[in-house]
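**Student:** Take a look at the letters that make up each chain.
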Amino acid sequence: MRARAAAAQLALLAAVGFVVWYLASNTAHNLEARKIASGFGFLAREAGFEIGESPFLAYGAADSYARAIVVGLINTFRVALIGIVLATVLGTLIGLARLSHNWLLAKLAAGYVEVVRNVPLLVQLFFLYAVITENLPGPREALNPLPGVFLSNRGIAFPVLAPHAAHAWMVLAFALGVALAVLLARWARRRQAATGQPFPALAAGAALVLGTPLVVFLAAGAPLALARPELQGFNYAGGAVLTPEFAALLGGLTLYTAAFIAEIVRAGVQAVDRGQFEAAYSLGLPRRRTMRLVILPQALRVIVPPLTSQYLNLTKNSSLAVAIGYPDLVSIANTTMNQTGQAIEGIAIIMAVYLTISLSISGLMNWYNARIALKGARQ
Amino acid sequence: MRWLRENLFGSWGSTLATLGILWLAWMLLPPFVEWAFLKAVWFAPDSRPCRAEGAGACWALIAEKHRFILFGTYPYEQHWRPGAAILVLFALYTASALRRFWRPALALAWLGGLALIGLLMWGGVLGLPYVENERWGGLMLTLLLATFGIAFAFPISILLALGRRTRLPAVRALAVAWIELVRGVPLISLLFMASVMLPLFLPEGVSIDKLLRALIAMIVFAAAYLAEVVRGGLQAVPHGQVEAADALGLPYWRKTLLVVLPQALRVAIPPLVNTFIGFFKDTSLVVIIGLFDLLTSIKVALIEPAWSGFGVEAYLFAALVYFVFCYAMSRYSQDLERELERSRTHALKGN
Chain A
1280 MRARAAAAQL ALLAAVGFVV WYLASNTAHN LEARKIASGF GFLAREAGFE IGESPFLAYG
1340 AADSYARAIV VGLINTFRVA LIGIVLATVL GTLIGLARLS HNWLLAKLAA GYVEVVRNVP
1400 LLVQLFFLYA VITENLPGPR EALNPLPGVF LSNRGIAFPV LAPHAAHAWM VLAFALGVAL
1460 AVLLARWARR RQAATGQPFP ALAAGAALVL GTPLVVFLAA GAPLALARPE LQGFNYAGGA
1520 VLTPEFAALL GGLTLYTAAF IAEIVRAGVQ AVDRGQFEAA YSLGLPRRRT MRLVILPQAL
1580 RVIVPPLTSQ YLNLTKNSSL AVAIGYPDLV SIANTTMNQT GQAIEGIAII MAVYLTISLS
1640 ISGLMNWYNA RIALKGARQ
Chain C
74 MRWLRENLFG SWGSTLATLG ILWLAWMLLP PFVEWAFLKA VWFAPDSRPC RAEGAGACWA
134 LIAEKHRFIL FGTYPYEQHW RPGAAILVLF ALYTASALRR FWRPALALAW LGGLALIGLL
194 MWGGVLGLPY VENERWGGLM LTLLLATFGI AFAFPISILL ALGRRTRLPA VRALAVAWIE
254 LVRGVPLISL LFMASVMLPL FLPEGVSIDK LLRALIAMIV FAAAYLAEVV RGGLQAVPHG
314 QVEAADALGL PYWRKTLLVV LPQALRVAIP PLVNTFIGFF KDTSLVVIIG LFDLLTSIKV
374 ALIEPAWSGF GVEAYLFAAL VYFVFCYAMS RYSQDLEREL ERSRTHALKG N
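First to last, the sequence lines map onto chains A and C. According to my numbering, the first sequence holds residues 1280 to 1658 in order. According to my numbering, the second sequence holds residues 74 to 424 in order.
Next comes chain A alone, as it looks inside the complex (with noise of 0.2 angstroms):
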């Protein structure tokens, strides 16, 4: 029985080694037809085409191949960070609003998620392109619906806090009020242990987090100076421009998402019994502590794992960005295949970024999920 196995395994090693053996004499042979030169030499050479939006690092048609990518690869992180904020932000809020005992407002929840959840993200980015593009107005007859805000068909301009040096202040002084607040926790725990009466640490450290930056702003004068959009010639400067590309890229992912972690909000509240609730109550703990001590830790239990993987689909979906021609690492690698004839190389690129990102951060989940996971309970 043992014999049969290991030569049935050595039969199907064999034949996928066959098949990759067949497949890349295949590949080197068409290659050299081809005179296609393997190998990432290709990288060093001068790009020669222009990238749209270049945030954080200067990009011009001189720079390499490599340089380009890499804007690509900031381009992907920028839309999938700021969009995973977005999405959980907004997924929540629907999915508390399904659970709301306002029937109205659960009604629409719930029609917002099969609506969304129904129809492909790339017809909704394709939808929120034209509507940006084809049906706002140009830039002169931007549509203004607050102060120094302005809807054209060039992207959305919104004024950002002008630069100061104070900034640089606030956000070290941000760090240190964490890292206090880290501190404090720890302390009143372990105070709690020995002594049993509690401390507000979540009040006090939430003081010290937001609290610390606030007198910086203060002691440095308030500056909130604001750089606001003007109109120059036929575009926006000053202030900050979201893209077409990018503002429709960023609303469907984050409205697209929403939807599924909605889902998982709501399902996770849902899975905690109801006899928690009860019995926290008959224990005399108030409602708040019973929501953080009792429901929270249970309900994430359950929310965290599929929200992780919401959040690579997001970062995966990203990639469809190629369709609307936001310069994300899946376009520009397109593009410099198309220019070099170098498919393996960029397909190689384009999968070993995402893997790296998939696998580290399922790598994460498994350990947080080991380390939350009910003490004692069967796998």
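Read the hints as simulated data drawn from the structure, not as lab findings. Any given hint could turn out to be false.
Under the rule of at most 27 angstroms between Cα atoms (straight-line distance), these lysine-lysine pairs were calculated in the DSSO-like manner [to be verified]:
#, chain 1, residue 1, chain 2, residue 2
1, C, LYS328, C, LYS354
2, C, LYS372, C, LYS112
3, A, LYS1386, C, LYS354
4, C, LYS283, C, LYS372
5, C, LYS372, A, LYS1314
6, C, LYS328, C, LYS138
Just so you have them, the derived chain C footprint on chain A, three or more residues with Cβ under 8 angstroms [to be verified]:
#, segment
7, 1283 to 1292
8, 1309 to 1315
9, 1323 to 1336
10, 1375 to 1382
11, 1393 to 1401
12, 1456 to 1466
13, 1628 to 1635
Heads up, the beta-carbon is just placed ideally off N, CA and C, and yes, glycines get one too.
Given the coordinates of chain A, assemble chain C onto it according to the supplied hints.
**Tutor:** For chain C alone, coordinates are given in the frame of chain A:
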């Protein structure tokens, strides 16, 4: 009255939410109805009436291009063939949805149905002129991609799921590698791979067309996701069932086919349907590698200068079509889940 008070005005917050929603509806609904229905242009040979001052939605675009959106560039006078093929597809879907047809003969019906569809679409026999598959398109192509993709990916996914749970290390490693690698990368990278790398893999002189290449990528992709769902079903089979089969002395394949899989797949049906929905939506990605599916034909219809600038109407229509299919599937899966749950508790009570 009591219902209103409890469900809409239960508390201050609730009252505020109700009033806010009503206000928003008052602000948004009348202009939308006016745009989408009252002032809409339903039929027009060209877009001039749509561009008139005060005109609403330009549904004339859809009316004018409906053949193109349904069948793509399939020869016009042969359109009854993809039409008939769609009917065959719907007959197959309906039969598969009814539990009374869940028996081995259904697999045979699928084989026969898919062969008939191939015959109708390609032709070349029985006096039907041959139509190369470069000319297949529109909604028909979306349905074909989704149906053929699932039909091939599903059996593969069962093998992958079994492979992942076997004790044979080499088989397990290969199954895990397939599943994890595919699930770690976006579908679009697999489609790029199929469209630009697959030709390099093949010996000189051999080429497979774009549709088939995309279909291979979709199958590889769907198989990995379906395999995880099937694995969930396999895990739900009580261990005693496997032990009982072992005690009867059933060899591996008979144990798997007769005892484990029927129970595992039954549990897995609702999540499987959800994966089908995701896959149906994902077929829209072939627009990026230039395959002529529903979304591409709508995009192409907009390229024509006469109809350009009506993207909102066109994509709303696309969204509606996808929604109808996906919503039907998701309702079906919910009903089925309830029904299976009921029959399970019923069986338990019966014992």
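**Student:** Each hint should be assessed against the structure and marked as holding or not.
**Tutor:** Status of each hint after checking the structure:
no.	hint	in the structure
1	LYS328(C) <-> LYS354(C)	36 angstroms, violated
2	LYS372(C) <-> LYS112(C)	24 angstroms, holds
3	LYS1386(A) <-> LYS354(C)	24 angstroms, holds
4	LYS283(C) <-> LYS372(C)	19 angstroms, holds
5	LYS372(C) <-> LYS1314(A)	36 angstroms, violated
6	LYS328(C) <-> LYS138(C)	54 angstroms, violated
7	1283 to 1292	holds (count 6)
8	1309 to 1315	holds (count 3)
9	1323 to 1336	violated (count 0)
10	1375 to 1382	holds (count 4)
11	1393 to 1401	holds (count 8)
12	1456 to 1466	violated (count 0)
13	1628 to 1635	holds (count 4)
The earlier numbered hints that this structure contradicts are 1, 5, 6, 9, 12.
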